Amino acid sequence: MPNPVLRVENLTKRYGDVEAVRGISFSVEEGEVFGLLGPNGAGKTTTIEILEGLRNADSGTVSVCGFDPQRNPDELKREIGAALQSTALPDKLRVMEALKLFASFYKRRRNPEDLLKRFGLEEKRNAFYSQLSGGQKQRLALAIALVNDPKVIFLDEPTAGLDPQVRREIYDVIEELRSDKKTIVLTTHYIEEAERLCDRVAIVDHGKVIVQGTPRELKQSSADKTRIEVRLAREEADEKLKLLEGVSDCRSLNGVYVLHCLRPPQAIVSLVKYLEAQNNELVGLEIATPSLEDVFIELTGRRLRD
Amino acid sequence: MTNLLTLTRMRVQLALRNKMFFFFSIVMPMGFFFLYSGVFAKGEPRVVAYLLGPVLALNVMGSFWGLSATLVMFREQGILRRFHVTPATATDMLVSSILANYVLTIPTIAVELFFARVIFHVPNLGNLTSLFMLVSIGTVSFGSLGLVIASITNTMQETQVLNQLLWLPLIFLSGATIPFTSLSKTVQQIALFLPATYLVHGLKNGIVNGFGPEKVLLPLGSLGVWFLLTLFLSSQLFRWEPEAKIGRRAKLLVAATAIPFVLLGLWEARYGRVVAEEQVTMQRVENSDKSDQPEKPKESPQSTDPSKLNNSKQHQ
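Chains A and B supply the protein sequences, listed in that same order.
When we follow our numbering, the leftmost residue of the first sequence carries the number 19, and every step to the right adds one.
When we follow our numbering, the leftmost residue of the second sequence carries the number 4, and every step to the right adds one.
Simulated from the structure, these hints should not be mistaken for lab results.
Small disclaimer: the values here were computed from a predicted structure and weren't measured.
Backbone N, C-alpha and C define an ideal beta-carbon position, used for all residues, glycine too.
Check before you lean on any hint, since a few could be wrong.
Chain A residues, not near chain B, derived (Cβ > 10 Å throughout) [stated by the list, open to error]: (1) 43; (2) 70; (3) 71; (4) 119; (5) 183; (6) 209; (7) 228; (8) 256; (9) 298; (10) 301; (11) 315.
Just some of the chain B residues that point at chain A, by a computed CB distance under 7 Å [said to hold, decoys possible]: (12) 5; (13) 81; (14) 90.
Chain A with its partners taken away, still in its complex shape (with noise of 0.2 Å):
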């Protein structure tokens, strides 16, 4: 990659017996989304606050901005904006308040009365933090985190516990700050948040990156392109309808059988025939052109939420 101007090489870092993260490398380029999509307790948080200079690596090289997080963590947040999971302000402070002293904290910094306005708060710009939805939390969580107007945005789990109308919302002003050609890092256990808004994922689990590339990429290289579930209404070995014409593999899961197929008009014809022949009949039936999700269960044969 010709200029990345964020690096991360071999990371590790364990909380007592605990390995969190144990040997995660990647790195982003000016003006890139890159997302780390994952279950919970993969290791995201831990990777992101590592490179937002909170926790100290145990081993691994991390560049930000040219910046060690663990060596220059004060020449590093001046650079940097942050949007973190489990954090709070308090109640009784006001929204134009927060904003105006989180601005305080920079030399470099952007009006804050345009960053009401871009995340249309101005009608709460005297509310308390406390008076604030769930959205509008994250909404100024967002615009804190410009204040400075930031090299490099992290976003951690930006839409965890929020509704999906609001989740939509909050993809919308990402999606306005990806077209400014902002670097963002964001994580997600979402699967729609990483392929809509990412550049690139990494997909992480137990610590590592089992693969990464642009969302489209990593869909192309699950080799099974589509997805047919079917249920059925007597059971039948996985073993033998893997080795129907057009299928390249077959897993069961909680009584729904997963078909891989590279030619799906031929599978299911050949499902229906075998079926016949079987005495045994199709209760339902599901096509499904592959998402990040499948990657994640075909790599790991869990599925993200589990």
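Fit chain B to the given chain A structure using the hints.
Using the frame of chain A, we list chain B on its own:
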């Protein structure tokens, strides 16, 4: 510097919007003031003046409650970690809370002094320079004690238990509630190891005896050293993260905050200067009580009993 000022302003604003602050920092100290002056002193100006030291000391010492609880709450709610990703430093967080507490405490003290003069006709507030210096150094040093408490406790419950454990001896053994001279010899010896005793003692000397700063150097100096020590320790033990727990070694390190007053207590136990001065001050108030009629409240304490004044000088 800007960080410090904006953080201090935030803390003042937040306190003024907090009902708990109003109760603990304004209603309660004022309640104590009227209880001591109106009920215990029966409005007798000279006794009010004698009790003004303890009243102000209670107000000043209360600083550690608010500061420890707020800092622990900020840590537990993840508010501190939000500041951790900004250029604001631990020192900014700590010093701003001390400054905000100072800015909020001084007006209450001023109002109490004003009421003492106007409502209870205390003829003379003694040496105002000493009074101001003692209140100032007391407020910042007890505030700083609160920051150490916040850094050695892991949860709000622990904080409140420790606050209670410290508060009771500080108010009952220091002369802030029970007059020092009424304490038994043994309890007096224990009291000499408490910072609160020196604060109450200094304030009484400043108000009743009109001692200038040069004569209250012992409380000023010991509280000053204690302030620097507690502030240094709290900056060393500062934790941004709610889940960061304090180690046992760090807890031992905190024992160092007791050093100035352990040394002072041992020294005082040997030379007994504070005990002697307390007795003289008490005698002065008792004597002037008998000689002064309530109708003549305007006489200054210096002019009432020259023999006792000499007496007190001999004891220094």
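Margin query: If you test the structure against every hint from before, which numbers come out violated?
Written below: 2, 3, 4
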